[in-house]
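With the hints as constraints, model all of the structure from the sequences given.
Using UniProt numbering, the letters of the sequence shown correspond one by one to residues 1 to 328.
None of these hints come from the bench; they were simulated from the model. Among the clues, some could well be false.
[Claimed, not checked] Distance windows between CB atoms, simulated:
| id | residue 1 | residue 2 | range |
| --- | --- | --- | --- |
| 1 | L63 | G209 | 42 to 50 Å |
| 2 | K100 | G209 | 15 to 23 Å |
| 3 | D259 | R318 | 27 to 35 Å |
[Claimed, not checked] Keeping only pairs whose Cα atoms sit at most 25 Å apart, straight-line, the calculated DSS-like set for lysine-lysine is:
| id | residue 1 | residue 2 |
| --- | --- | --- |
| 4 | K92 | K17 |
| 5 | K251 | K297 |
| 6 | K24 | K159 |
| 7 | K251 | K17 |
| 8 | K3 | K297 |
| 9 | K24 | K297 |
| 10 | K17 | K297 |
| 11 | K121 | K159 |
| 12 | K17 | K284 |
| 13 | K3 | K24 |
| 14 | K121 | K100 |
| 15 | K24 | K121 |
| 16 | K284 | K3 |
| 17 | K297 | K284 |
| 18 | K297 | K92 |
| 19 | K17 | K7 |
Don't be surprised by glycine CBs; every beta carbon is placed ideally from N, CA and C.
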Amino acid sequence: MIKPGAKNLITDVDGIKIGNAEDKQVMTGVTAIVPDTAAVGGVDVRGGGPGTRETEALNPDCLVERVDAIVLSGGSVYGLEAAAGAVMALAKQGRGFEAKGIHVPIVPSAILFDLANSGNKNWGDMPPYRQLGIQATENVNDDFPLGNIGAGYGAAAGKMKGGLGSASLISDDGIQVGAIFAVNPVGSVVIPGTRHFWAWPFEQNAEFGGLGAPEIDGELTLDIPAESRLAENTTIGVVATNIALTKSEAKRIAIMAHDGLARAIRPVHTPFDGDSIFALSTEKVELSGSRPLGVAKIGAMAADCVARSIARAVYNARSLGGLPGYMS
1 MIKPGAKNLI TDVDGIKIGN AEDKQVMTGV TAIVPDTAAV GGVDVRGGGP GTRETEALNP
61 DCLVERVDAI VLSGGSVYGL EAAAGAVMAL AKQGRGFEAK GIHVPIVPSA ILFDLANSGN
121 KNWGDMPPYR QLGIQATENV NDDFPLGNIG AGYGAAAGKM KGGLGSASLI SDDGIQVGAI
181 FAVNPVGSVV IPGTRHFWAW PFEQNAEFGG LGAPEIDGEL TLDIPAESRL AENTTIGVVA
241 TNIALTKSEA KRIAIMAHDG LARAIRPVHT PFDGDSIFAL STEKVELSGS RPLGVAKIGA
301 MAADCVARSI ARAVYNARSL GGLPGYMS
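Laid out in structure tokens, this is it:
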């Protein structure tokens with residue numbers, strides 16, 4: 001049997017904590033995913049307009065084996081500075097490898113575009129993202145709200161307010177999987193003409209409204225919602241497991257997890273999106289039985305968690321900056 005964890009958050013995975021910080025005037029924010037100890041990491045980027053930092057280091061043929069945190073940020077290219085703030089905060093904690101007394105944390109990052117919302121972007125020479133990165137990394141916890149929080153604070157999901165979402169699954173044999181996503185896609189997360197999420201088949205315990213199967217009258221449209229801001233999008237996130245994985249296996253989990261985006265957003269992986277997924281292994285439990293089958297199971301669980309996280313992000317987001325929330 002596989003069911004959500006006690007919190008139904010990525011922090012149901014042993015060894016994962018989350019920190020969030022927002023600037024309400026700028027209408028933006030940062031989310032830090034911080035493992036208790038350095039975690040094996042992988043990444044897969046599918047969108048046509050990504051913005052990332054240190055993703056190449058996660059390739060299986062590169063030297064780095066583990067990361068100290070993953071940072072998700074609003075702010076487009078300016079938001080990449082949030083990872084620099086996380087690096088400083090983690091270095092003060094003694095995290096990262098040591099070189100002549102200097103701690104060097106490894107913090108890959110991805111950003112989404114929220115610059116066109118109604119927040120005040122007149123920040124002069126000092127965008128807020130470095131400080132937000134510090135705050136998010138220092139304020140980690142195992143519980144956090146969803147919706148207008150962290151990297152999802154200023155996000156838009158097609159014609160409605162986007163946000164930050166999370167979900168988890170735990171199997172009887174001890175596999176823990178969780179996901180956390182900042183949802184800002186060009187596509188729609190709801191079926192046109194209905195209140196139903198595309199992710200409805202994967203819902204657990206009415207976590208995003210419990211509407212069940214939709215009744216579709218007429219043809220489904222493939223059009224990108226007219227309200228979307230082209231080239232100003234992206235859905236970014238992290239999936240995590242307690243099972244010990246290699247870098248290659250973490251990469252495979254990230255690849256499989258992208259199926260969750262396709263189940264929850266339509267269309268997805270467009271030229272206008274920068275869809276990126278990181279995968280983390282906290283290495284708390286060794287995988288038993290067939291290793292390829294075990295990796296396949298973790299990847300399937302991760303994809304389901306991703307789809308649910310995306311729906312939960314929008315379901316919990318509230319109206320902000322002229323964008324209506326799902327419950328409006």
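Do the hints match the structure? See the list:
1. L63 <-> G209: 42 to 50 Å: 46 Å, holds
2. K100 <-> G209: 15 to 23 Å: 55 Å, violated
3. D259 <-> R318: 27 to 35 Å: 29 Å, holds
4. K92 <-> K17: 18 Å, holds
5. K251 <-> K297: 14 Å, holds
6. K24 <-> K159: 21 Å, holds
7. K251 <-> K17: 21 Å, holds
8. K3 <-> K297: Measuring from Cα to Cα gives roughly 14 Å; hence the hint holds.
9. K24 <-> K297: Given pair K24, K297 is violated - Cα atoms ~40 Å apart, limit 25 Å.
10. K17 <-> K297: Satisfied, since the Cα-Cα distance of roughly 23 Å is no more than 25 Å.
11. K121 <-> K159: 22 Å, holds
12. K17 <-> K284: Holds, at roughly 14 Å.
13. K3 <-> K24: 35 Å, violated
14. K121 <-> K100: 39 Å, violated
15. K24 <-> K121: With Cα atoms ~11 Å apart, K24 and K121 stay inside 25 Å; holds.
16. K284 <-> K3: Roughly 19 Å between the alpha carbons, so the hint for K284 and K3 holds.
17. K297 <-> K284: 17 Å, holds
18. K297 <-> K92: Given that 25 Å is the threshold and the Cα spacing comes to 38 Å, the pair is violated.
19. K17 <-> K7: 12 Å, holds
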